[in-house]
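Undergrad: Working from the sequences, and respecting the hints, build out all of it.
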Amino acid sequence: MSSMHSNERLINEYLSDDSLLSIFQFIPIAQLFTLRQVCKRFQQLGDYALKLRTSIAVTIKSDDNSDDEEYESRNDCCDPRHGFTSNDCIHKTCRTVKDGSRTLYVLSEQHLHQLFTFSPNVKALSLESTIFDRNVWQYFGHNCPPGVQHLDFSNSQGLIDEVIGFIVAKCGPTLEHIVLRDSDISEASLKHVLQKCPKLEILDVSRNFSDLKRDLNAVTEDEWRTIPEVGDARNKKMRNPRAEKFTPVPDSILAHNSSIGSGETVVSIDPRTGLKTPMTAGTSTGLMTPGGFVTPGNLDLRKIGQARNTLMDLKLNQASDSVTGQTVVDPKGYLTDLQSMIPSHGADISDIKKARLLLRSVRETNPNHSPAWIASARLEEVTGKLQTARNLVMKGCEMCPNSEDVWIEAARLQPADLAKSVIAQAVRQIPTSVRLWIKASELEQEMKAKKKIFRKALEHIPNSVRLWKEAVELEEPEDARILLSRAVECCPTSVELWLALARLETYDNAQRVLNKARENIPTDRQIWITAAKLEEAQGKTPMVQKIIDRAITSFTATGVEINREQWLKDAMETEKSGSVQTCQSIVRAVIGYGIDDEDRKHTWLEDAENFANQDAFECARAIYGHAIKTFPYKKSIWLRAAYFEKNHGTRESLKSLLQ
5 MSSMHSNERL
15 INEYLSDDSL
25 LSIFQFIPIA
35 QLFTLRQVCK
45 RFQQLGDYAL
55 KLRTSIAVTI
65 KSDDNSDDEE
75 YESRNDCCDP
85 RHGFTSNDCI
95 HKTCRTVKDG
105 SRTLYVLSEQ
115 HLHQLFTFSP
125 NVKALSLEST
135 IFDRNVWQYF
145 GHNCPPGVQH
155 LDFSNSQGLI
165 DEVIGFIVAK
175 CGPTLEHIVL
185 RDSDISEASL
195 KHVLQKCPKL
205 EILDVSRNFS
215 DLKRDLNAVT
225 EDEWRTIPEV
235 GDARNKKMRN
245 PRAEKFTPVP
255 DSILAHNSSI
265 GSGETVVSID
275 PRTGLKTPMT
285 AGTSTGLMTP
295 GGFVTPGNLD
305 LRKIGQARNT
315 LMDLKLNQAS
325 DSVTGQTVVD
335 PKGYLTDLQS
345 MIPSHGADIS
355 DIKKARLLLR
365 SVRETNPNHS
375 PAWIASARLE
385 EVTGKLQTAR
395 NLVMKGCEMC
405 PNSEDVWIEA
415 ARLQPADLAK
425 SVIAQAVRQI
435 PTSVRLWIKA
445 SELEQEMKAK
455 KKIFRKALEH
465 IPNSVRLWKE
475 AVELEEPEDA
485 RILLSRAVEC
495 CPTSVELWLA
505 LARLETYDNA
515 QRVLNKAREN
525 IPTDRQIWIT
535 AAKLEEAQGK
545 TPMVQKIIDR
555 AITSFTATGV
565 EINREQWLKD
575 AMETEKSGSV
585 QTCQSIVRAV
595 IGYGIDDEDR
605 KHTWLEDAEN
615 FANQDAFECA
625 RAIYGHAIKT
635 FPYKKSIWLR
645 AAYFEKNHGT
655 RESLKSLLQ
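Using the numbering used here, the first residue of the sequence shown is number 5, and each one after it goes up by one.
Incorrect hints may appear among the rest.
[Said to hold, decoys possible] In silico lysine-lysine, DSSO-like type, Cα no more than 30 Å apart, as pairs:
(1) 174 with 249
(2) 550 with 573
(3) 127 with 195
(4) 473 with 399
(5) 573 with 473
(6) 358 with 424
Don't read these hints as lab results, they were simulated from the structure.
Since the structure is predicted, the reported quantities are computational estimates derived from the model, not experimental observations.
TA: Shown next as structure tokens:
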């Protein structure tokens, strides 16, 4: 202090006020405070110097270093590269506190008072490594300069949230840069800063989680793998963006590009040209356009339209009949096809929504009800949402894995390749389903693949008549005979398989096959009729009537009902197959069965007329012949028979009847 008084005496004796003001520009502000308080003569000049040197960037740090280090620190803060443009800094001596490896500076209320008093226009505050207590932040909030643009609270602790709250309340509209590295700042304060600072460009909160990041070194590989995946938190619009729409390029652009490529001069179309062009000086009206109404330039839109019309006429002419001149397209049929293309779900969208909600309720109430899934899929299909229908029916397959209807519906909705995989999964789930195996064969295009599927199906379902029939139809006659031999062993009660095998066998083997068939199925009339046809084909006519009579006797003895109408239908079918003797034998055997004597004449004539109307002339002739034998003296029967032979027979048959 004595040296300070000696300096005061020297200054009083040798320096003027102007010289002192010049010297004050180079004296550190910390010493300037002391001079102003000690030197009474220069107190006014000291206050004036402080006002001249009002700081724009202020740094509060420890003053433990040497003067050279202070000067270097001041220059760092004032370096334009750091974003500050001040000409001076204030260094105040602060009490320090050790926090681990860091040194924190305790900022007092006196420091803030001196700072805000002599730096009212401060623009940047660097309060790095500072501890704030309650008195400090309350004073800070009441006296903070309103024009602060840059704040640095790096490594600061204490009530920093309250301090930032006061600063944002006063300086929010002007704040542009805030540094909060490794400071005790809460998330709520960060949100408050972002909301109240519209001009904020930089918010540096780096290294706030450095301690947590360092702990990641101890995480093992297994722990990394067990970390759950982060879900897609975006909204539906962002997750499912709409597909891009592409439109054809206009002809004008194509013509423009072609003209540029050929090196021609392109004249753009002026929207002001035409009939509505205003009558102004230097502007030609539409009537003065060269070439009439054609817009000047290389692009002639009228010709393009004419070319399109010509092309359309050409296509229509090609669709017309060149001979008669009438169009091949049927207008009514065309409209009918268009009507069939319209979805049949109706125009009321509300009904569709109600049906969709109802089906959804059924699915949720009873998820194992397969018709609900099928109906839901078909509803989406008719409304045009094919992919939704596929998803629904596949979900139905998961919920109802034992329902073959759901699997078949899923295969129908899927493309060909996917349908094969669906059916393959279905037959693995339900290997005893005949419909699934047949559907699998229908999806195959090659005959070899179809045969392979049926053979595999017969391994799982050997007693399925339908599978045997489908498999036999794909084979050649010799292979089919071998396959049918195995089929009648697996399905001995199938009449169709026995008859098919008999048709492929020789006469002797066919007799044996039919005898075995009668042993296994003694109540079926088709086996007896086939045996009669076999004898007729071999020319053994007397055996035909014996076989039919034996069949009637066997059925009567075993108590099998003889349906007269059904037998007569079989006779008509036999006639159409070419077995005339067999059909006549059937008619003679059953024509009088179950009819009273007084009704025979009327019933027989009616049956003969019905056969004639159905072109079963041999059956009708057999009825007339049997009626004449039964009633030889009935004139009406003779007349009916004669008229029948006259209309449907030959001259020889008529002459034979009359004789």
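Undergrad: Now tell me if each hint is right for this structure.
TA: Verification of the hints:
no. : hint         : verdict
1   : 174 with 249 : violated, 51 Å
2   : 550 with 573 : holds, 20 Å
3   : 127 with 195 : holds, 23 Å
4   : 473 with 399 : violated, 34 Å
5   : 573 with 473 : holds, 25 Å
6   : 358 with 424 : violated, 34 Å
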